[in-house]
Amino acid sequence: MNPALFVAQRLTAFVLALAVAVHLGTILYAIRGGLTAGEILARTHGNAAFMLFYSVFVIAVAIHAPIGLRSIIREWTPWRGRSLDAALVLFSLLLLALGFRAVYAVYA
Amino acid sequence: MMRASHTQRGFIAAILHRLSGIALAIFLPLHFLALATALNGASALDAFLELTRQPLVKLAEWGIVVALAVHMTLGLRVLAIEFFDFREKTLAMLSACIAAVFAVGLVFILNAG
Amino acid sequence: MMERAAPDSVLEVEIWRGTEEGSFQEFRTPRREHQTVLDVVTEIQREQDPTLSYRFACRVGICGSCAMVVNGRPRWTCRTRVSEVIGGDRKIKLEPLRNFTIVKDLAVEMTQFFDKWKKARGSFEPGDKPAEDFAIVPPGSKKRREVDEHIECIGCGICYSACDVVAWDKDYLGPAALNRAWTLVNDVRDRGNAERLEAIAHSDGCQACHTHMSCTEFCPKSLAPTYSIAGLKRAVFWRSLGGKP
Chain Y
176 MNPALFVAQR LTAFVLALAV AVHLGTILYA IRGGLTAGEI LARTHGNAAF MLFYSVFVIA
236 VAIHAPIGLR SIIREWTPWR GRSLDAALVL FSLLLLALGF RAVYAVYA
Chain D
7 MMRASHTQRG FIAAILHRLS GIALAIFLPL HFLALATALN GASALDAFLE LTRQPLVKLA
67 EWGIVVALAV HMTLGLRVLA IEFFDFREKT LAMLSACIAA VFAVGLVFIL NAG
Chain L
178 MMERAAPDSV LEVEIWRGTE EGSFQEFRTP RREHQTVLDV VTEIQREQDP TLSYRFACRV
238 GICGSCAMVV NGRPRWTCRT RVSEVIGGDR KIKLEPLRNF TIVKDLAVEM TQFFDKWKKA
298 RGSFEPGDKP AEDFAIVPPG SKKRREVDEH IECIGCGICY SACDVVAWDK DYLGPAALNR
358 AWTLVNDVRD RGNAERLEAI AHSDGCQACH THMSCTEFCP KSLAPTYSIA GLKRAVFWRS
418 LGGKP
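Chains as they are written, first to last, in this note's numbering: chain Y, 176 to 283; chain D, 7 to 119; chain L, 178 to 422.
These are computed hints drawn from the structure, not numbers from a lab.
Once the Cα atoms are required to be at most 25 Å apart in a straight line, the calculated PhoX-like pairs of lysine-lysine come out as:
| no. | chain 1 | residue 1 | chain 2 | residue 2 |
| --- | --- | --- | --- | --- |
| 1 | L | Lys319 | D | Lys95 |
| 2 | L | Lys320 | L | Lys398 |
| 3 | D | Lys95 | L | Lys320 |
All chains should be built: construct the whole structure from the sequences, respecting the hints.
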């Protein structure tokens with residue numbers, strides 16, 4: 176991967192290290208005694224802090240995951256070049272779209 | 007004969023990191039879709055969460071939580087080596103990663119039961 | 178003087194014959210005390226099959242020419258005792274180094290390896306103006322210590338052979354070339370670091386390393402290219418953030 180992708184990958188890795196730690200901790204705590212939609216939404220509804228946090232999370236993931244997949248596909252399959260990059264940009268956009276939709280769904 | 011390099015801890019760590027990354031990349035869009043059922047109201051999300059109470063689904067959830075823990079701990083190892091000049095001399099770092107993953111997996115089982 | 182072979186002690190040796198196409202040929206040769214794998218190959222070639230091709234030079238662990246894969250691990254055969262590698266089945270399997278084009282049998286084509294060394298700008302660049310005086314490099318300085326740690330590479334190719342990324346990406350510069358580049362990045366006299374960082378900062382450069390650490394595991398000189406490459410990654414990272422593409 177080129178320097179720009181490398182920087183993006185490692186920077187988002189640092190961001191995700193924090194985000195995942197928070198998310199895992201939260202989830203492991205929240206699932207105690209079962210988890211219902213009501214419980215989830217009670218925490219996330221109108222919660223700006225949660226929304227901001229998960230928005231950052233979504234953006235970081237949408238950058239980090241496709242770059243990782245790119246290395247894997249280029250090394251383990253014959254696929255490379257522009258068509259691969261285009262497909263991964265699409266995947267990134269998919270993650271962004273679905274991610275923000277999910278954030279909105281639990282916030283609004 | 008398995009290549010000698012494929013029994014080394016660095017390779018095993020890298021492969022686990024890579025496979026867990028693939029699993030998470032596949033899981034994420036599904037996770038987002040599941041959460042977005044809340045767009046149709048809390049009951050829609052609840053209906054979905056009902057599905058997740060089946061044991062097989064719980065097992066898959068555990069797998070994803072473990073995959074996340076694996077990917078993060080081994081990712082931290084890579085960041086330590088690349089950015090903090092961490093010199094890995096023994097199995098200590100990898101053992102710590104595995105221990106952390108076990109802990110997370112165990113907490114999930116205890117809390118989700 | 179040849180050591181006495183124990184009467185019923187025989188080694189079964191499988192050796193790769195041919196190029197990419199070929200097969201393993203089985204030999205039986207006397208097992209001797211203190212034998213090295215190089216001793217075994219040499220005895221087979223001299224006593225049994227003069228058409229067997231292999232390389233060696235110094236035979237005392239200085240030149241690295243005898244590197245090949247012994248029972249799945251890349252090693253220097255002159256520094257590998259048979260007793261170290263022999264399994265319960267008393268067999269030894271010899272293959273040419275992986276990731277290289279095979280010339281014949283156990284000898285491989287090293288050109289690509291050294292071409293990548295050049296591509297990584299793995300040689301000292303004095304610059305246009307000759308230095309007016311000796312450079313003062315305190316041995317305890319951080320840069321000198323970095324150089325000291327990684328400078329002893331003799332280009333034997335074992336790390337390159339062991340590297341999975343080289344196997345997966347034919348253009349990856351590889352641990353040896355990058356390791357050498359790092360020693361030059363830390364050489365205070367060198368004037369070519371702008372071009373060198375450019376040369377190693379691309380998709381087949383240092384960023385392709387996935388920290389499998391096979392290079393570090395198998396280096397016969399106990400070098401650690403993993404950490405040189407990590408240093409290059411840091412250099413590239415900060416340079417990129419500094420605005421240079």
